[in-house]
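Undergrad: Chain order of the listed sequences is A and B.
For the first sequence, counting from 1, position 289 maps to 288 in numbering that gives the first Met the number 0; every step adds exactly one.
For the second sequence, counting from 1, position 340 maps to 339 in numbering that gives the first Met the number 0; every step adds exactly one.
Hints listed in this document are in silico derivations from the structure and should not be mistaken for laboratory results.
A portion of the hints provided could be inaccurate.
Claimed, not checked - Restricting the straight-line Cα-Cα distance to at most 25 Å, the calculated cross-link-like pairs of lysine-lysine (BS3-like) are:
no., chain 1, residue 1, chain 2, residue 2
1, A, Lys49, B, Lys333
2, B, Lys392, A, Lys49
3, B, Lys333, A, Lys289
4, A, Lys392, B, Lys392
5, A, Lys166, A, Lys24
6, B, Lys392, A, Lys358
Unchecked claim - To list a few chain B residues with every Cβ distance to chain A over 12 Å, as calculated:
no., residue
7, Ala27
8, Gly65
9, Gln133
10, Lys212
11, Pro241
12, Thr244
13, Val261
14, Arg265
15, Gln359
16, Glu367
17, Glu369
18, Gly375
19, Ala377
Idealized CB from N, CA, C, for every residue including glycine.
There are 2 protein chains.
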Amino acid sequence: MEIIENGSITSPRGFSASGIACGIKAQAPDLALVFSETAASTAGLFTRNKLCAAPIQLSQQHIVGGIARAVLINSGNANACTGDRGLQDARRMAQQLAEIANIPVEQTLIASTGVIGHFLPMDKIEPGIEKAVQQLNAKGGLQAARAIMTTDTRPKSAAIECTIDGKRCRIGAMAKGSGMIHPRLATLIAVFTTDCAIESGLLQQALRNSADKSFNTLTVDGETSTNDCLFFLANGHCGNEPIKTQNADFAVFQSALDKLAVMLARETARDGEGATKLITVTIREAATAKEADRAARAVANSLLVKTAIFGRDPNWGRVISALGASEVSLEPEKIRISFAGISVAVQGRAIDYDTQAMKQALEEAEIEIEASLGAGSADARVYTCDLSYDYIKINADYHT
Amino acid sequence: MEIIENGSITSPRGFSASGIACGIKAQAPDLALVFSETAASTAGLFTRNKLCAAPIQLSQQHIVGGIARAVLINSGNANACTGDRGLQDARRMAQQLAEIANIPVEQTLIASTGVIGHFLPMDKIEPGIEKAVQQLNAKGGLQAARAIMTTDTRPKSAAIECTIDGKRCRIGAMAKGSGMIHPRLATLIAVFTTDCAIESGLLQQALRNSADKSFNTLTVDGETSTNDCLFFLANGHCGNEPIKTQNADFAVFQSALDKLAVMLARETARDGEGATKLITVTIREAATAKEADRAARAVANSLLVKTAIFGRDPNWGRVISALGASEVSLEPEKIRISFAGISVAVQGRAIDYDTQAMKQALEEAEIEIEASLGAGSADARVYTCDLSYDYIKINADYHT
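Make the full structure from the sequences, and use the hints.
TA: Right, dumping it as structure tokens:
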């Protein structure tokens, strides 16, 4: 299993992509298209926000068939809270893509990201779709990754190769953050592609498994968006015997997908709005897996913990306070906490540590916070980022 | 019923107070004492954080007796996560206060606020208690309010007068915020005094009722501290027939207390860390009271909503997204949202509004966000503040 350098959604065979500027945004690419040469098995995960956007509602219908040819994503406008007209606009996007690319409309998937409550500028999107289809190319993965960016500072794109049934199989992915990130079940917007042949039910299962270890353990600001979704297309071009059961091939596929998804989730946390650091929160010795997860999210979502890390302060008091307020079982006298591998509290109390080593460690781009609760044997890990002036700037200046 | 100008915990008869600097903090008052001339009925509410601090544990024991003479509070050090030694230190504080002031130790209440995980400097606190007792005076309410401040920018102090049993009865209060504010049941640190005679069980009930309408509807940053507590002392010096049932006098008392508590809660939200604005979030037409409360807290705790208000942007998309993610019953097509009384969305969609009037309204010091869910008839109101650069500054710079 190996990471492909400069990999993307077009690393797997039989996929092309494009990313163009159609004018929703003033100056930047805002329309991405991912295309499979042949019908692909498909899977998807969607936001649990009750007010899910029009394109989400449409894609949820289309994905039921288990087959897709193309994913079309615009940035700059979420087409959320736009009522019947929003749903009509999403349908029109799908219909036009189907006509121009000559594929069945029910094999299209649509997503949107950006400001909520505004109608899509369909007069710009319609010629945009034509341009995006024209510009489809086998090296377009990175262009597509750029076109789905919102407040991301860099595109998130990667690919991995593994051997399945003796064939070199590839999985590619792109994702966009970087605020409103606190997924449950679904996540931000991400597209996965693979040339592996795999039945759509198993593809769905693999996607869900990986998301639980990656995107679903990610939080930037505790906000779950109206537009989160994650798509996966598998076109079988690598020529393997299709995976139809949870056999050894499935295990290899799952393992490669996990690795890729965690890579992308970490990149998304690292590029969280205003982030200067990636923070990994690991909880150990929780009573149950659910409590481990709740405790980890409580620490990761604590504004006081996030600002402390921005301030390079190993403030374990804020960690322990977040744990205490998280309503999980814990034994105050058994709690141990470390920052960057340096133990700062044991038995729920301060201990001496090498402050010089800590100072250096807190300058690193990645900080690990680890807390053991002494209540059981369940673990959980959550990714987040620090909270800086720039989060405020980005979100106070981002006007409707 | 009327608000007393420059009122404080020493506005009711028979109470004295002091606020002195004993050296826990470098340069500021850090020890507050509230004293009743005679034994007072007492009530209290405490944090639900499982890792509650040593002074909280001690005061929970003392309050069981229903009678108190004095409340001693230090700022600058929370005496939390300090194990057995922390509990011994809290006991010593109580013991010394009892000896110096010549009162029973079980009639003392103790609280601490400040950094977590450090031992109290008992060598400074012991002479401090002596000084605080010496400086007790009938006009010391504001000094005490100053001495409990942490990141508060101003002391929070008020009093109200009402007529009970033909007597002019007063209730005074002080509180401190201003971060780690997200109480459930208990709250920050606040002390209430009254010269009304009222049985301690009813005092507890009145306090809980008022807290549910005031401090428990307050959130600055979603953090519940290890040291939250709220004390109430009633010494009967106004000479009324003691309130022993939920009679008309009780109703008057409750009503005055509600008014005072809401005043202080609003002041605490307004002075939230880095706050430039007080935000009131009102939810209407929720399916149940619990869901109304959950929805209101979801909006009030949304970083994106709070930064939008800091940016003077009526970003209802962020409000609706927070509502959708809050797991309450709602009808997307029935949602109505207003900012500062100006309707911005109906039937879950944008409507035109007077942008000039909105611009002006968002410059005010108080902003009301109102959302109707169309799912029932339950209401809830929560107080919070905007999220500014200064929240980051205060909390990134506040080092352990």
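Undergrad: Now, for every hint given, state plainly whether the structure supports it.
TA: Here's how the hints hold up against the structure:
1. Distance restraint check for Lys49 of chain A and Lys333 of chain B: the Cα-Cα separation of roughly 13 Å lies within the 25 Å cut-off, and the hinted pair is therefore satisfied.
2. Annotation: proposed proximity of Lys392 of chain B to Lys49 of chain A is violated, straight-line Cα distance about 35 Å (limit 25 Å).
3. For the hint pairing Lys333 of chain B with Lys289 of chain A, the CA-to-CA distance comes to about 34 Å; that exceeds 25 Å, so the pair is violated.
4. For the hint pairing Lys392 of chain A with Lys392 of chain B, the CA-to-CA distance comes to about 13 Å; that is within 25 Å, so the pair holds.
5. Proximity of Lys166 of chain A to Lys24 of chain A is assessed by CA-CA distance (about 42 Å); at most 25 Å being required, the pair is judged violated.
6. Between the alpha carbons of Lys392 of chain B and Lys358 of chain A the distance comes to roughly 19 Å, so the proposed pair stays at or under 25 Å and holds.
7. No beta-carbon of chain A is positioned within 12 Å of the beta-carbon of Ala27 of chain B; the least distance is around 20 Å.
8. The Cβ of Gly65 of chain B lies farther than 12 Å from every Cβ of chain A, with a closest approach of about 28 Å, so its non-interface assignment holds.
9. For Gln133 of chain B, the non-interface assignment is confirmed: its Cβ lies about 33 Å from the closest Cβ of chain A, beyond the 12 Å cut-off.
10. Its beta-carbon lying about 22 Å from the closest one in chain A, Lys212 of chain B satisfies the requirement of being farther than 12 Å from that chain.
11. With a least beta-carbon separation of about 38 Å from chain A, Pro241 of chain B lies farther than 12 Å from that chain, consistent with its non-interface assignment.
12. A cut-off of 12 Å between C-beta atoms confirms that Thr244 of chain B is not in contact with chain A; the least separation is 36 Å.
13. With a least beta-carbon separation of about 24 Å from chain A, Val261 of chain B lies farther than 12 Å from that chain, consistent with its non-interface assignment.
14. The non-interface label for Arg265 of chain B is consistent with chain A: the shortest C-beta to C-beta separation is roughly 21 Å, beyond 12 Å.
15. The claim that Gln359 of chain B is not at the interface with chain A holds, since no C-beta of that chain comes within 12 Å of its own (minimum 16 Å).
16. Listed as outside the interface, Glu367 of chain B is consistent with that label: its C-beta sits roughly 18 Å from the nearest C-beta of chain A, beyond the 12 Å cut-off.
17. A cut-off of 12 Å between C-beta atoms confirms that Glu369 of chain B is not in contact with chain A; the least separation is 17 Å.
18. With a least CB separation of 15 Å from chain A, Gly375 of chain B remains clear of the 12 Å interface cut-off, as annotated.
19. For Ala377 of chain B, the condition that its CB be more than 12 Å from all CB atoms of chain A holds, with the nearest at approximately 17 Å.
Hint compliance for this structure: hints 2, 3, 5 are broken, all remaining hints hold.
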